[in-house]
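Colleague: Protein sequence lines, in the order shown, are assigned to chains A and B.
The numbers in the first sequence follow this note's numbering, run straight up by one, and end at 182.
The numbers in the second sequence follow this note's numbering, run straight up by one, and end at 182.
Check each hint, because a few of them may be wrong.
As the list claims (entries may be wrong) - Some chain B residues close to chain A (C-beta under 7 Å, calculated; not the full set):
#1 Gly8
#2 Ile32
#3 Asn36
#4 Val39
#5 Met72
#6 Thr78
#7 Asn96
#8 Ala173
Said to hold, decoys possible - Computed far set for chain B versus chain A, every beta-carbon distance over 12 Å:
#9 Leu141
#10 Asp144
#11 Asp161
Note that these hints are calculated values from the structure, not bench results.
The beta carbon of each residue, even a glycine, is placed where N, CA and C say it ideally should be.
There are 2 protein chains.
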Amino acid sequence: MKFCSSCGNRVVLRIPAGDDRERHICTSCELIHYSNPRVIVGCLPVYEGRVLLCKRAIEPRRNYWTLPAGFMENGETTVQGAARETWEEARARVSNLDLYRVFDVPHISQVYMFYRCDLDDGEYGVGPESLETELYREDDLPWDNIAFPVVYETLREYFADATDGEFPVRVSAIDLSARGAR
Amino acid sequence: MKFCSSCGNRVVLRIPAGDDRERHICTSCELIHYSNPRVIVGCLPVYEGRVLLCKRAIEPRRNYWTLPAGFMENGETTVQGAARETWEEARARVSNLDLYRVFDVPHISQVYMFYRCDLDDGEYGVGPESLETELYREDDLPWDNIAFPVVYETLREYFADATDGEFPVRVSAIDLSARGAR
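Go ahead and model the full structure; you've got the sequences and the hints to work with.
Modeller: Here it is as structure tokens:
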């Protein structure tokens, strides 16, 4: 950020009065520009014990498999956002969304929220950001080709939880810089 | 938003190729500026069955009581943010943070995440954004002077849950425009 989005003049990094960290502040109108983490909302859609995955058509991690997920938009709820992304990426409608997994990824200032849900009628398609989509059992799942650590961990936990039918909400942080891309 | 924060030229509202909603796009460098919901992280600190509340020293809702909470910052986890806000507003250290309540407030593009936690040693003070702080039992709590609907609901649910010792994670949306300020 170099310019004030309100008046167009230069901004500087400075700690505002009463604050404890640097913000971009306009040198002309003195507006303080805050930057905050973004929320990624997604679904873990289940049909007859199988989970719906999407093979990514776009970078990063093109050709790798992921759960349908994306940036939450203004004006929607986390549940609405998770369902919207599932429609956009897998042309699938989902019901009974239950919060299942929260990941903090502080190095890139992101919070992931995955909702476990039912895939309506077992029907799905392929959205523009996917190359293909598929329902996978645990044993058939392409474990070596999962796009992101948060997806890998969510899937591992889901199949473990499914054996006893208890799905506690878990929160943890992922350090992408220490983990590599799996 | 009127100007591009990267190059300082005018932005326009337009739907980018492959997108389905209007974004601010720079008329010169063509950068797309996304705007996304913000996360408010907070704590419900408990000590010997009592909950720590803060009387707000700032608007909105000055003089009303709230749980310690505030905007999540870049580079931190939701847990770190919730603990930081509790220190800033109530000079209290907390442990064993468990996600307890998630609220979507889509009309103002906010997501609240409250963590239930222990108040270390029952010690607390008064931070610069608070007029006073206090530990309250359910019966003594200033129910008529709670700052925000999300705080009111979280407290009601907490004391109900405490009677049977089960604290399920709940997610729901609040429509501020329909509820008023209680």
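Colleague: If a hint holds in the structure, say so; if it does not, say that too.
Modeller: Hint check results:
With its C-beta approaching chain A no nearer than about 4 Å, Gly8 of chain B sits inside the 7 Å limit, and its interface hint holds. For Ile32 of chain B, the suggested interface contact is broken, since its CB lies about 12 Å from the closest CB of chain A, more than 7 Å. The restraint placing Asn36 of chain B at the interface with chain A holds, with a minimum CB-CB distance near 5 Å, inside the 7 Å limit. Taking 7 Å as the C-beta contact cut-off toward chain A, the hint placing Val39 of chain B at the interface holds, the least distance being around 6 Å.
A hinted interface residue such as Met72 of chain B counts as satisfied when its beta carbon comes closer than 7 Å to some beta carbon of chain A; here the least separation is about 5 Å, so the hint holds. Annotation: interface hint on Thr78 of chain B holds; nearest CB of chain A at approximately 5 Å, less than 7 Å. For Asn96 of chain B, the interface hint is violated, since its Cβ never comes within 7 Å of a Cβ in chain A; the closest pair sits about 12 Å apart. Checking Ala173 of chain B against chain A: minimum C-beta separation of about 5 Å stays under 7 Å; hint holds.
Every Cβ of chain A is farther than 12 Å from the Cβ of Leu141 of chain B; the closest lies at roughly 26 Å, confirming the non-interface assignment. Non-interface status of Asp144 of chain B relative to chain A is upheld: no Cβ of that chain comes within 12 Å, the nearest being about 28 Å off. Non-interface call for Asp161 of chain B relative to chain A: holds, since the shortest CB-CB distance, roughly 14 Å, exceeds 12 Å.
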